[in-house]
Amino acid sequence: MNEPLIQLRGVQFSYSPEAPVLDGVDLSLRPWERIGLIGPIGCGKTTLLHLVVGLLAPTAGTVWAFGKTRTGESDFREVRLRAGLVFQYADDQLFCPTVIEDVAFGPLNLGKTADEARSIAHETLQLVGMGGFEERITYRLSGGQKRLVSLATVLAMHPDVLLLDEPTSALDAESKTRVGDILRRLNLAMIIVSHEHDFVRDLTTRIVNMNGGRLIEES
Amino acid sequence: MIIFEATNGSLIHRIDPRVRVAAACAFAAVVCLSHRLVALEIALAAALGLVVLGRLSIVSILGRIKALNLFILVIVLLLPLFIPGEPAIRISGLTWTREGLHRAGLIALRANIIMLAMICLLATMEPAHLGFALRKLGVPEKLTHVLLFMIRYVELFHQEYHRLRDALRLRAFRPACNRHTFRTFGYIVGLLLVRSMDRAQRVLDAMKCRGFHGRLYVLAPFRFTPADAAFALLAAGLVILLSWIQLR
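Chains as they are written, first to last, in the working numbering: chain A, 1 to 219; chain B, 220 to 467.
No lab work stands behind these hints, which were simulated from the structure alone.
All clues given are correct.
Here are the simulated DSS-like pairs of lysine-lysine, each with C-alpha atoms no more than 30 Å apart in a straight line: (1) K427(B) <-> K112(A); (2) K355(B) <-> K427(B); (3) K112(A) <-> K361(B); (4) K361(B) <-> K427(B); (5) K427(B) <-> K68(A); (6) K427(B) <-> K176(A); (7) K68(A) <-> K112(A); (8) K355(B) <-> K112(A).
Just so you know, these numbers come straight off a predicted model, no measurement behind them.
Input sequences plus hints: build the corresponding full structure.
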């Protein structure tokens, strides 16, 4: 039972032929594993996450996830439900007027009834320490609060894997600690993309460095 | 910039959004077609009644109606010049006719009645509910999505525009009527479009990641209550009365 959840095999990707972003990437995420993906800004870390959930398609190589190779849009729809991606900018993720509606959006899409979705949303907000914010207007929250809510919107779908894109960018020290504490408590496999070495090292089981479109395992 | 004031729990706020949207549309249509003063007086009384029932703040209503009436003022000033009839006012060669003034007055009255009704019936519900009600009444899903996302993001682009404008001001930009100004405004409009496109793409991506497949759901399901039925009957009665006065 140590089959990987997600595996990238020889994945290449480029926005233009002259400048490949990913140049043959292999990466396996096993159950309960927490991978920290570190690298300079613009090296393709976000691209890698978007490839995993099929928002981008690789120019070569394959994406294997939850038991089979994934190619088309309908393949990836299932991947997106099991691998929750938290975007770098909360403003891209949150689009409903109130917090509760935003957190309930995913469960409703999964076919839950309004009452079920509401109770899942309540529980998830409690989990990230945002209980009591249900009826608040989303775009008037502070940066740190938005980040926690956007984490809740993804957790509310009860994913098996969490993909986090720069979960601490533009956060103050206190909010960073809060995000770190929540992630530590979660019993989920994760890939955390960041350029903050200390934060990632503290949370993950192994670190992978990304540079020049390739991955290098850190010992 | 606040378009919707959804919460104060008045009688109007509690009416089923579907009923309110349907009533607002029927009322607006019949008021548009009314020419008789009696009918418009009754309609105005009804609209004012809605303001009272909705417990809306007079100040905010006046603010909203002001913009409309600046536009109406232009019509009131210009229309009577072009409609033939008995002269009413003459100033240095320009003649405003009695018939023209009457026609312009009707337009002003109708516009204000409809605006009041819309403020009371539509602006008093959650944007999401407006979208949902429109869908239930048969408006295509795509159009309601466009409406909902416009409501959500218009504020964001407004802020973005202000940031860009501040950035210009910090570098001592002063608009004038010259090529430099036109080019700069061109850049700003272009940049706003590009940024909106990018953001729209990112929001769609994030929605897909949460299982979006072309349909939005509403958390609080609508319930059709006796109060809704009573309101619908009243509205229907009013619309029929106004039509009858007009067609008599």
